[in-house]
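For reference, the chains in residue letters:
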Amino acid sequence: MRRFLALYAGAAYLFLYLPLVVLGVFSFNSSKIATWRGFTFDWYRSVFHNAALFEGTMNSLIIALVATAVSTVIGTLAGYALWKKRAPWLTNALYMSLLAPEIIIGVSLLALFQWAFRFGHLRLGLHTVILAHISFSLVYVVIVILARLRTFDPALEEAASDLGANRWQVFRHVTIPLLMPAILAAGLLCFTVSFDDYVITSLVAGVDSETLPMMIYAMARKGISPEVNALSAMITVGLGVLVLLASRLERSR
Amino acid sequence: MRLRSIFLAPTALVMVLLFFVPLLIALAYSLLTRGPYGGVFPPWTIENYQRALDPLYLAILWRSVWLAAVSTALCLFMGFPLALYIARSARHKTLLLNLVMLPFWTSSLIRTYAWMFLLRDTGLVNTLLEGLHIVRAPLPLLFNDGAVVLGLVYGFLPFMVLPLYATLEKLDPALLDAAFDLGATPWVALRRVVVPLSKPGIAAGCVLVFIPCLGAYLTPDLMGGGKTVMLGNLVQSQFTTARDWPFGAAISLLLMLLVLLVARALAKQGEKLL
Amino acid sequence: MESILELRALSKHYSTNRVVDDIAVAVRKGEFFSLVGPSGCGKTTTLRLIAGFEQPTSGEVLLDGEPMGDLPPHRRDVATVFQNYALFPHLTVEQNVAFGLERRPHANKRQIRAEVADALALVQLTGKEVRFPNQISGGERQRVALARSLVLRPKVLLLDEPLSALDAKLRKEMRYELKKLQRAVGVAFLFITHDQEEALSLSDRVAVMNKGKLEQTGTPQELYRQPQSRFVAEFLGEVNWLNGACVRPEAVRVSRGLPAPAAHDAAHSTIGIVENATFLGNCVHIEARLPDGSHCTAEVPQHDCDFAVGETVNIWWHAADEFRLSAGV
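Residue numbers (the numbering used here), protein chains in the order written: chain G, 1 to 253; chain P, 1001 to 1274; chain W, 2001 to 2329.
Simulated from the structure, these hints should not be mistaken for lab results.
Take the hints with a grain of salt, since some may be wrong.
[Unchecked claim] In silico DMTMM-like cross-links for lysine to aspartate or glutamate, where the CA-CA straight-line distance does not exceed 20 Å:
| hint | chain 1 | residue 1 | chain 2 | residue 2 |
| --- | --- | --- | --- | --- |
| 1 | W | K2169 | W | E2197 |
| 2 | W | K2155 | G | E158 |
| 3 | W | K2169 | W | E2129 |
| 4 | G | K222 | P | D1121 |
| 5 | G | K32 | P | D1172 |
| 6 | G | K84 | W | E2054 |
| 7 | P | K1093 | P | D1172 |
| 8 | W | K2213 | W | E2054 |
| 9 | G | K32 | P | D1121 |
| 10 | G | K222 | G | E158 |
| 11 | W | K2128 | W | E2161 |
| 12 | W | K2128 | W | E2115 |
| 13 | W | K2213 | W | E2060 |
| 14 | W | K2180 | W | E2238 |
| 15 | W | K2029 | W | E2066 |
| 16 | W | K2179 | W | E2161 |
| 17 | G | K85 | W | E2054 |
| 18 | W | K2213 | W | E2161 |
Source: prediction; values computed, not measured.
Bound-form chain G, shown alone:
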């Protein structure tokens, strides 16, 4: 039984990683079609010289960084408050935002923005995408922070209080430093989720705020593009590194 499981697991991991590995391999293929013709860095070069792709990447980065910063801060505060005393309505709301299909979050936010724009001369743009990303990434931060707080010894805060620290000082000098690995892990997770988002972003982005996933989608729809292979390989490796970093941080104390 043990051997069967091991064999099966091997096959399963193969299944999980094969497409990505194939993509990575063929990103070095000198031919555009799926037959191997030769090794080349051409597609990578082409990606770096593509001005539109660069702008898309920049947009994605700005959105991800801003949304991550905001979500991480307010999510951490909320997680802490929820740990101290439950607020079922907020927890349920967050849970709902996790369950809600992306398409629904996207179209409802689009409806919101279209309705709100009547009151000012606003358009869809980076700002609307950032707001949308904050909205759906908050729950990830809260989950990570709450998970860490579950194993947090409440006596530490009580001791700090006993020694003369008021509630804010306790939070600042004891809780936050000990929570830092989890906060960083939550931030990295937030960044990954935001950078990668297509569905919601595509609905609330304006014409001049295209993100990288939107561009990849467009290219993917058109057919095989070796540049997409190269780009995908780079993004996969980059995000993979971030995720491993996040899990390392989450485990350290």
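Fit chains P and W to the given chain G structure using the hints.
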């Protein structure tokens, strides 16, 4: 007390303004009428919801439920042995688990594209098959329901493995030893001891897979080539090409309702995330 | 003598559960006072009420004559040593000890360093300043916790079962260290424990708690020799209930050879059959059955005769060693 309110306020504000209010607006839209070039106008009507009951759309609902169910079942059967393997590993449990989750955290768009690269008529698989003269014409591996299921299973397998692992890991090995001691073969032990005891994990995994599958948009769109229309695609088309926002909003809310009902029903058995 | 800490009619109820029920305690300045009782008797809750982590349902906590009211923990002039010490893992020993001093509004760095050094010297931890809590032993951690609290010169130091996390041998050593420390510093200690031996050996006075209520307060000798309730009598040691009186096993004498020795003044005597004789090293524990069917436990020095099971022996004790409980036991 005041500190706590300050801490909760920003998140509460975001949830209200950027989650609930949009849903309310969508609700309002769903009760209005479409304009000739898009947009919403009075009169108020429940016509959109009535239209949703049309057999055409019920077929789409049925297909969504069916594909989601098939994908969930496949994830369960494929994920269970994997979770069992990791749970029974002596070392490297965390590493093995991370390796399962890693693909999920890299872009789902890219992963879907990778499958397209493999499966399309000019993709790797067909090129190989034709090159080896196993087939004479490319197999239609993409742009059908099967491809969508493959994409969904691939995308959500980690979501099944994680809760299964969590439950299997807590399983007392002494129970299995007792079963073997009493004469059970490994398969019997699996069926009559392991599986029943992992019901919470199974339930949680099914919730975590079935629900996103139900509302999937990207996978049926790319892997199905627009031919496989699930509820997510229907909503998207109403908001873009069809310009029928009220109807799109109505379908969205019905989908949301469906998701919530399923979540409530299954979550009672499974473990809570928050 | 004025009390530095007073609990007046202090109660804490959770719906119908009276965790702390109308207790009255007065701890004197510089006293080593123990609150002892079985698990779940409410002593930890009492400590939390004094420290300010919980609010009483009724009654008052007065520190140096001042009612504490709903004052939060960080404004009360008491310090707590927690059961698992609650040392801040991200701070060094030095930083841990300095923590309370740094929160004060007019903190002076140089002065703090000096006070921290003094506190560490007091608990004999000089040299370990830059270590982290996970790099020092359990006993050392406890001393850091003590230094951290004492450096603030609190009016009362609350100790929540501080020795229970240590192994048996270390526990005994630390008892004397703790007592010495308290004498040196002169701060009133309120010591919570479930171990009666600890309470009796360390304290100037002891209060016994049971199911939220205070059973008796007094010096260790008073409580042991004149318990006012069955609970106190049995909690602090073994008791024999015989002939309507209580006698401690160590006061029961056993001897061979009938008839009984010449009557001692107003002694009670009887005969018994040895059912069990357990050699405990420094004494022998004897269980005997008396003619009326009741049982008696005696502790005799081991150099007296070895008694065999089934043997008939004389059993007697002095009247002075008897105690009767107050009415209404």
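*State the violated hints by number, sorted upward, taking the hints as numbered earlier in the document.*
The structure breaks hints 3, 5, 10, 11 and 14; every other hint is satisfied.
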